[in-house]
Amino acid sequence: MKIEPIDIDREAASLFRLTPGMRVWWPVDVEIDDMFYGVPSLARLWSDRLSDPSSETPVAIDTDDPATVGCMHVQVEEAEGLGMTVEVYRVGNGWFSTNCRGDGGPTRGAALVAAMRKFKEGQR
Amino acid sequence: MKTNPTGIDREAATLFAPAPGMRVHVGDAQDDALVRVDWCRVAESTWAGGLLLHRLSSSQALASCVDIIAIDTDDPATAGVMLSQVEATHGSPVDVVWRWKTAGTIEYVAEWCEGDSFVDTAAGPTRGAALVAAMRKFKEGQR
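Line order of the protein sequences matches chains D and B. Heads up: take any position in the first sequence, counting from 1, add 19, and you land on my numbering. Heads up: take any position in the second sequence, counting from 1, add 19, and you land on my numbering.
Keep in mind that the hints were calculated from the coordinates and are not lab data. Heads up, a few of these hints could be off.
Covered by chain B, according to a simulated footprint, are these stretches of chain D (three or more residues, beta-carbon under 8 Å) [what the hints assert, rightly or not]:
| hint | region |
| --- | --- |
| 1 | 30–43 |
| 2 | 82–92 |
| 3 | 104–118 |
Quantities reported herein were computed from a predicted structural model and do not represent experimental measurements. In this text, a Cβ means the ideal position worked out from N, Cα and C, and glycines have one as well.
If we strip away everything but chain D, and leave its shape as in the complex, we get:
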């Protein structure tokens, strides 16, 4: 399991909103109302455990965590709109792509970050 976020995780934190089940890194000064035993302040905590998730910004989102990828997938679909169902699939050579926008990435999570990045760039 990942113990330090990578660049794509940090970018994901700026592109995706927090939803329950995501694995995220928090800044050390974030106060969690319900931290459970043995979990240091930088480990995974849960957005549904925060007193007000909307007021907190994580340092990074674990784009390799299966549950987190599932949450990101739905957010890309919502961004695309019009009932678009986004597929993330292997294209060979260890590369993942999507049927919407973006250049894909080396993991499913990275491909979804690329798709969301393109979507946000298109909004500007």
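Given the coordinates of chain D, work out where chain B should sit on it, guided by the hints.
Only chain B this time, still in chain D's reference frame:
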């Protein structure tokens, strides 16, 4: 958000292992009787051999004595974990694609390969249901 599990959710509980991030429907047992049923999210780690659950309605609870009745196959985080378990069982990536059905409805299809060769598919009305169908096929093939 779902309040009552469906048949697919109940089947999922027999096919998939509870893992961090999943939304599960659990019942607290006392003297072999269910005393409370609740939706929870499986926490990061296990403790003392039991599942540590984040209860949505109360503070944390050690859930070593709970039965997992169902898994919420419509929950995005849960579907993500299910996909990883399907891939771990199959041993290679599984793609979940979609196709139009009649009357404008969508069917989700899990597809998997052996090397470069297409092998089989499993379908369902949702992404989670397609993954349940895929896992069912894999487990039946293991018998």
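Notebook entry, point to check: Which earlier hints can't be squared with this structure?
Noted result: Nothing - there is no hint that the structure violates, so all of them hold.
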